[in-house]
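Participant: One letter stands for each residue in the lines below.
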Amino acid sequence: MSEWRYWLNEQRGTLIGLAIFVLMFAVYIANHPAGLTANVAQTAANKGVLLAFVAMAQAMVVITAGIDLSVGMILVLTNCLASWIVVGTPMQTTAGVLGVLLAGTICGAINGLLVIKGRLQPIVATIATGAVYFGLALLLRPFPGGAVNEDLADAVTGRIFGIIPSSLVVMLVVVLLVWLPFRRSEIGRAAYAAGSAEAAAFMSGVPIRRAKLVAYTLAGLLAGVGGLFLTFFTYTGEAAYASGSGYTLWSIAAVVLGGVSLYGGRGSAVGAIFGAFAARTTGDMLFVFDVDPLWQPLLQGIVLLIAISIGAIGLLRVRNRLEWFR
Amino acid sequence: MTSTQSQSNAPLLRMEGIGKRYGGVRALDSASLVVESGRIHAILGENGAGKSTLIKIMAGVVAPDEGQMLLKDQAVSFRSPAEAAAAGIACVFQELSLIPDLSVADNISISNPPRRLGLIDRKAQRRLSEEALARAGAGDIHPRALVRDLPLSRRQLVEIAKALAWMPRILILDEATSALTASDVTKVFAVLKRLRAEGLAILYISHRMHEIAELADECTVFRNGRNVASYAAGTRSNSEVVEMMIGREVSSAFPPKPAARIHAAPVLSCKNLGWSDRLRDISLEVRPGEVVGLGGLDGQGQRELLLGLFGVLRGTSGTISIDGAARSITSPGAARAGTIGMALIPEDRKTEGLLLPMTVRENLSFAALDRLSRHGVIDRDRENASIEEMVRLLAIKTAGADTPVGALSGGNQQKVVIAKWLTRRPRILLLNDPTRGIDVGTKQEIYQLLRRLAEEGSAILFYSTDYDELIGCCDRVLVLYDGKIVKELAGGEITERALISSALNVQTEPEAAA
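For the record, the sequence lines run as chains A and B. In terms of full-length UniProt numbering, the first sequence opens at residue 1 and continues consecutively. In terms of full-length UniProt numbering, the second sequence opens at residue 1 and continues consecutively.
For reference, chain A alone in the conformation it holds in the complex (with noise of 0.2 angstroms):
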């Protein structure tokens, strides 16, 4: 019994991103013309997981109080790459997934160390490299094409046994191998100490640095996975500064949304999975209803403000002043 109550109190800001989600997406269902047909979870599911990879990424890095505003780019970055490479024979296709893995890995890496070793502040450091990744990408497609093995993207956008959405087995996946190892690690819980009280953790002799290290460079792979599925998705690769900046914009959005606080050490990447969700179902939510199509980002903008200012209740209990700015 009070077991349980430990439980629920750890786990409050990734239930709070499921509450939400649940809600919505059942207004949602309710209010759609179709109702719930493995079609609609089947889209829903494939643009959610498509956010939920960058929010995932983003919450890593947040964790330990650091941001990461290049995951967008990231995410750009990979899908031209993955449009040029994820081709051919089944070997050919697998080197290609290993080598857009592998690039998202090298730029959050970079991220990291700019961070760490450059003593750089995660924020303007990661809008540079996402200037960066940018560029790259857009030299390596200036204009939208490309291909990818359609047997490999139809499989991991489809539907398993006729009604399980593939995308979300391929998220699980990605979550038990990249998100419970490391939450499960020392290096993970050195990165919620670093992102909690960083003086501390380093007074106990936390390996705070190599914490952050991986954070960003797990950020980067997860943005890679993210791109890898935004090629099969859409079976193109396209160099669209505003499409990543909106990932990144609404990967911020999912994190908090998922109950991961932005001044490090709380929350958790499963969160920022519901958050990612929750936040897609906004924008959809917004479609069955009807809404002009000129008024959606402003709704969308209100919701979020709304949301946000939700995780920052905690400050009205501050009750020495000093504490505001701390």
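Simulated from the structure, these hints should not be mistaken for laboratory data. Only a predicted model underlies this, so the values are computations on that prediction, with no experimental measurement involved. Only true hints are included.
To spell it out: a stretch of chain B is covered by chain A in this simulated footprint if at least three of its residues, at any positions, have a beta carbon under 8 angstroms from a beta carbon of chain A; those stretches are: (1) 115-124; (2) 142-153.
Covered stretches of chain A, as calculated for chain B (at least 3 residues, CB under 8 angstroms): (3) 2-10; (4) 194-203.
From the derived model, a few chain A residues whose C-beta atoms are all more than 10 angstroms from chain B: (5) Pro33; (6) Ile110; (7) Leu113; (8) Gln121; (9) Ile123; (10) Ala155.
We put the beta carbon where it would ideally sit given N, CA and C, even for glycine.
Could you slot chain B onto chain A? The hints should help.
Facilitator: Chain B in isolation, oriented as in the chain A frame:
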């Protein structure tokens, strides 16, 4: 009596000839200490006597400049707290070292979690933390509770459990009970006595004399960076202990104090001021022309009192009156406004006093921009005049008004902080330990300045950790202990003996004539 033991076996830890300097300040000067297993050893000394530095050296936080440490006759030196902990020296620091967003179990094993297949073994960690919590007498704390959800006193117990998880041979507690409630203190004492029976050596730093009397086997007194006496607990009276702690070298000259102007009505007063458990029932009055000191050991609520008066704290109880009329001061902006005219020289000039990369000019005008502006635009002539006046008045040594303030020496930076507020000509000046870490020459200039401001009619409330300053500068001193004013000293009553014994909140025999 000395603590030298003539037994054949070597003491657990022996420190000899330890010296440490911070810049020009000598924190420790050929200090020595002997620590034995199965004993509780109390360390006493006033602010700045060198206790904390000694402990930091033992715990591997700072390295000594000279001297040696022998652990069972083996010379040792630690480069990090982890190395000290691995050698069996664990420290419970006054400032908590816990990670608020992690669970109690995560915190207890943070430095060295049990591993299985490369990942943290949560079952083993759970077991370890339950054992450590039980040893720390805190078996009722759930290992899965998040540290941020625990009250301060419980966190302190977790901190002790964290130290015990290292299975140390020497456990150092630095003011570890200052945040605890009375019932928790009793529990901690029972735990410490049991640990002593298990053969642990315990070093106990506390300012609470009754705690030391109850707990310690032996005591060592530090003064001016040296150990001046060691004795078996209970063999010295409180006044003898105070006597041993007295004796700083007086290094500064102070301006003469004029006769107090008691007849003036107080400009600042507060009644029954309280804030969480850090300030209790504080009532005080400051008259124009008066320099009132805040004394006591570090961290007894002096800072909170100044912050509370200046409108930084929320949810204070009691009333603050300016010129006899109750006022509600809800922000520093309100506190500095015309009819109140309050200024606070903060403790940490680098974060709360200055904008380091900005120029001397910008820093000096910041607090008074409203007065230096016309229709919202800064009047350069007026600004220049004010800056020139301040640079001259305080003799600020700077290459020019457009030098970044970060390029000045510490003493001159502090002058800029003070000058910034003097630009507003405050009627009430609050100072939070303004001379910490600055050179003697600048200190003296600040003393002269305070006296001159008082003569011009300012009311000054002045917290200092340096007893000499309180003696030399203040017309009255209010001594705080545990968030309360325990003693008011005036005029000739302000002596080092009186300050120390009231700071420790003990009675000394009245016959002692200082």
